[in-house]
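Since chain B is already given, all that's left is putting chain L on it; use the hints.
Here the protein sequences come in this chain order: B and L. Following our numbering, the numbering of the first sequence begins with 1 at its first residue and continues without gaps. Following our numbering, the numbering of the second sequence begins with 153 at its first residue and continues without gaps.
In short, the hints are calculated from the structure, not lab data. Note that CB positions come from ideal geometry on N, CA and C, so glycine has one too.
Across the chosen pairs, the derived CB separations fall in these ranges: (1) L/Leu-548 <-> B/Glu-122: 37 to 45 Å; (2) L/Met-863 <-> B/Thr-4: 29 to 37 Å; (3) L/Ala-606 <-> B/Ser-120: 30 to 38 Å; (4) L/Ser-854 <-> B/Gly-81: 56 to 64 Å; (5) L/Gly-736 <-> B/Tyr-80: 55 to 63 Å; (6) L/Gly-392 <-> B/Tyr-80: 50 to 58 Å.
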Amino acid sequence: MQITMTVNGTEYSREVEARLLLIHFLRDQLGLTGSHWGCDTSNCGACVVWLDETPVKSCTVLAVMADGHRVRTVEGLEHYGGLDPVQQGFAECHGLQCGFCTPGMMLTARWLLDHNPDPSAEQIREAISGQTCRCTGYENIVRSIRWAAEHA
Amino acid sequence: MPDEMAGTAGHRMNGAYGPVRRKEDARFVRGKGHFVDDIQLPGMLHAAILRSPLAHARIVSIDTAAAQAHPKVRAVITGQTLEGRGLAWMPTLSRDVQAVLATDKVRFQGQEVACVVAEDSYSARDALELVNVEYAPLPVVIDARKALDPAAAVIRDDLEGKQDNHIFDWEAGDRPATDAVFAAADIVVAQDMLYPRSHPAPLETCGTVADMDTVTGKLTVWSTTQAPHVHRTLYALVAGLPEHKIRIISPDIGGGFGNKVPIYPGYICAVVGSIMTGRPVKWVEDRSENLMSTSFARDYHMHGEMAATKDGRIIGLRASVLADHGAFNGSAQPTKFPAGFFHIFTGSYDLQAAHCTVTGVYTNKAPGGVAYSCSFRITEAVYLVERLVDVLAYELGADAGELRMKNLLRPEQFPYTCPTGWEYDSGNYPRALQVAMDMAGYPQLRREQAEMRARGEYMGIGLSFFTEGVGAGPRRHMDILGLGMADGADLRVHPTGKAVLSVSCQTQGQGHETTFAQIVAQELGMSPDDVEVVHGDTDSTPFGLGTYGSRSTPVSGAAAVMVARKVRERARIVASAMLEVSPGDLEWANGTWQVRGDPDKARNIAEIAMAAHSALELPDGVEGHLDASTVYNPPNLTYPFGAYICVTDVDAGTGEVKIRRFIAVDDCGVRINPMIVEGQIHGGLADGVGMALMQVIAFDDSGNCLGGSFMDYLLPTSVECPSWELGETVTPSPHHPIGAKGVGESATVGSPAAIVNSVLDALRPLRVRHADMPLTPANVWCAIQGHPVRTDLAIP
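Pulled out of the complex, with its shape left as it was, chain L reads as follows:
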């Protein structure tokens, strides 16, 4: 394991690790990627879904006769059709149920009501116009803060005895100890803040092609899924199909970001359509369907309080959260944690006590909540604590950088157990912050800011420091619907020394075909070019939970290391037979098994592989060939961290925010491919720009979604994003076999707080202490005027 190192390291090769160019790109730059919508099968039909125009209404009747009569329509599916097959409702990843097609009521605008299967996609859309649904409108629950009012309409009257919109109460930490710390504090600051509903909006929407072979009874489903094995098991459980007769293929995925973890009603409809017609059925949603009905993110209404001494020592933290989960509790997180990992909210600071409560409620909005690179709600947690640190700095008149430096955990405190029980594996936080401040030229920036303020110009310097816990997770603590979060890996070395690694995780652009080949190559002394990575097909990969929550490198990556080491140990026995020495006389050096003290007597993996498949006599009890399989059950999460600094210029006359600079120092332990790691960080930083400044899924008081297209739901482009300035420190994870930590979501988790803190730092002379995201020009202008906006209830 390399020693700790700091600074903006150049990209260089270290064995097989380093900035290897991606294997995937050869097909993508030629337009030869293979996405779900690219699939054309003989006789394939096309499905389209009719959706509710209302947020809450009773279904009086559905008349499908005209649609059925359309000459190109082959099937019309309603909730009634599905009821006959026991499929009108499906379990969610939070052990709730969700309507596949509505039978009794519609509960959000855009909810699935009927499905038409036709010869082509245009005809399917035409026929949707011919389905006649009569609705009886009901009162809507849109404002989450009113969801528990006694007078609020009950959304989930399908649940027996349900008389309110309450889903769960959950808490973590020590309430009495926290209350005591707060009682003894010199200063307590409190702030209400909303992390508004957003949407991951991968550029490729969700879709599927379902093909039931009526002769063999085998169902093949090509699907935009980040978790093909979980989907296979869920299809077996939901549809009652035998699991060995289900094959899920996840081909190239056009971005996921958590949007492609759940099973959506359209998938079930395509499967049923294929069963009904005996032909393959494709369903691909359009952009509005994606934004209005599939898994949203965030929607946390948070109240945070921070206790400190008068000299700026933070001693306690508490939070109460109202979580808007929409009409069905479909959020995807480990079972024991209904609020995800939000309770890691003490962040990167050395506190005495902390306590949080989270209450989940139903509203007439689309289901979801855990998505958009949030590391199971750590995004919300980091935003809360990092805003509170800045609010504290505001009240103390302190410098936000100095206040953080004073309170960060110190290197000697690791491994560190935080007040809510998470055991942080490794870290050197002050060093990361110092590197970021040095890169930014922090003192000079503050001087420049003072000069600009003297001229009446508004420049902001915003910081955030984040800690994530990623790589779910240890089986004894973490499962999804009872499936433990361990990942398998198979490795097979062919006679000529070329290897095939099969993994359960599913790339959506993270470059697994490259980095996982580098992992195996590093362990076996090979070239990454000689390792093929197989993924995305449940018939040819071992079981595992998929790619989300930054878990691929921490879990599947570790599995790849361990399976390669198993193969290496097998190779040792073969090499000992080849060299006619005992295995104990061999050592692994320079990518070969060599006789200790006699480097001339050595065999590399290619030589050993050929021998393992040959007539060579092997010791008794040793099988031939060169392969192994493993399952990796992580002992703990990995805890990446980072220090971010954002410099903004704010036009107080228009409210427009411009990001001038963004400095990001990330520590994700050992970097297998630093080029890919930096790409992951770049993308997450752009997500932060979107969330902080532009993106929101808001609703009007009738429950109409106000973010249902890219004309309304604004994504950052190349002109809103600055040229990112990245730095790194490397603090290896002590328990991961190669010291790596997850990084895919770090920047999405860490960056929104830095941007918001920067804008509010700019507005400090105007005495604006807080404003909720997104900080659009109108919203910033309103905040300057002293009239902050509820961003969940209107597009500001």
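Okay, chain B solo, but in the shape it has when bound:
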């Protein structure tokens, strides 16, 4: 099938199999390897990207479902002024160790702060509760997102 989508502001048209997952389309066909695959079952959230304005788990979205839509990945977090405050916060507060869950966590964090610029620790924990980090025990992720809120 022929699909067209805008990823991080750039339009891409590709011929894909109907069964191709969005995560594999982004990683293998567009070379955007910042989004990771972790579980196949929508549990871990390593593959979280934005579909239009909403974080989705791209291991359970077909690439064809993104036809005609906008996708934002970790590679689209940086803007002209440099790193997004969320990216800065994760580096500043040791919000990552192995870095595998980090892109998905940051995309959810960006969404949260766009909707709630001053979230409590509890609200942050709820927002990222659909994603797994095996390294940090979450505490420093919460602090990282708070840092971003305070340095918007």
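Okay, now just chain L, sitting in the frame of chain B:
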């Protein structure tokens, strides 16, 4: 070396040590990490593995014709293919053998049977459906407690003369002395407890890209390995390839936790696939493959007994353990220790005698056992002794905190040799426990608990105190497959004074690129920004055993210190030539070599490095340039310790457990980067929550794995984890060159017992003395009803 200090120290810089932000993060926050699955090579093929649906069955036939005919398939590999190359079986890290692809039987559900190599990963998966395997089912051995029954099916009939499922018997300590202590005791408590099978489940699964250059004969393997040099040597030994023609590259690793130490059949298949096709082959397992076939952790069925006087003085300890190693004995630990370091099970207490036995058995389950940040089975040991202390407190009606304080080793007893022979290097245990109790507000918590109990509410306060021995290890005692556990380090200072350190250990998120730069910077008076750390490529790093068992700082970290000191001594000679004095007239001060008594005459490393590469006349016998290499053979393990307190609220109606607070006081000696140390502890505490409350790999009576996806194998998220409260004490290691101890696994080792003790403390009014992990709501509810659950045989 800094003096001992206590309390919740703020993070401040001390020379190059301190909370330096991580160098690694610049790439990770941009999505520019470089993981194995990110690798794309020209012409690369993709492998997928067909796995057994049965736990035990004879293979009648394998028909690959339809798969071979698939238009996108380039190779189909079976056990027969591998037999022709002598690769159907491979040695394990415990000197057993493991089937790469099954030839005779399948021995666990998920075992590797065939491999398809195709143009893309989807086609490879399609073609797996076309491989037709006929199985003849055999009786299964799932319950480890029945593995040695005379009627049990023999799993390892591939081993000549094997007629049972017994692997080893092992013991430590003094049995007669222990029996005598028990005979004289006022009170003996006994408890059966299971440390159930779990899985490390790093977020990145295991995978590899193998590329055999048919012209040069050089094999390059990008692999998710925590031990690249060990893998290189094993590939040489297994495949008969010359070792200088093997290059292992371990790029960014998405978490390891011991899951990425062994060589897995998929790696061998990818190598063979590349040899067969002449093209690079990528194999990356999916999550179910990871959970069902790669190295699990624990699975220790333990019986513990503790002897004490009536006033609560613990005097003896004994344990017998049944260890379920799965279908192949593939656990990874130093050769002399088939049960790992379990026999450090006397923990942190001043006992008169101890004795333990461990029996290993085969079952129809995946191989492994030593993984998941266990410090070579110290996790199991700490859990045993810390549960027994609480059982003793339960029987004596004593306070679990006071009972521990009374029995902890005292500072003046260090260095201390425990009843099973470990020599603890340093410690001040009562101080750490006191700091934890002060942080928790222990007396107030007990008062609150009493008030809640009066209202019929169940609040628990659980403690654990752990001692680990980490940093394997002294070569005379410790090797893996004959490879002594010493680590090399190379350091090269460039003419402009910038340095490159090459190390053999392999970060999986521990931040070595930052902390190892801090180590060198501290020794040479440099900025950590000016030190590049090279790791993860066997062609550009010295030999060493890798990163697991919390050994990086104790062994490779020490190597980095020693190599920097070698360079510093070389720099002294160069500086003496520059300043036209004798080396003996120089002293190292403020990051420079300076003339004693004349601080104006000084040269820093950058000045010395340029001179060392220049035309400067050096004394006879001194080579130019500024570099050195070393191998560090640790004289002993390092012994980190800590005191943990967990506060829980338990709903007796639903069995739900909520962790209200978790206080962790860790002593890992000198902290190079306290920010990173605290991150390591945070992660380990979350592991403890998972193991204590959620995670288990159980099996049904047909041998079906009941934890084969993240829908069934539950990991803790941000809402199950509390905001951790950390404290620290600092008792330097006397033998480590900078006084540091390993810390990567401390919290995973110490925290499960605190959580379980807390839940059972909550249930004390209901007379529940013990329940096995994981303490899921259903399991807790069953325990309250008086019907405890075998958590290895069902998901409670």
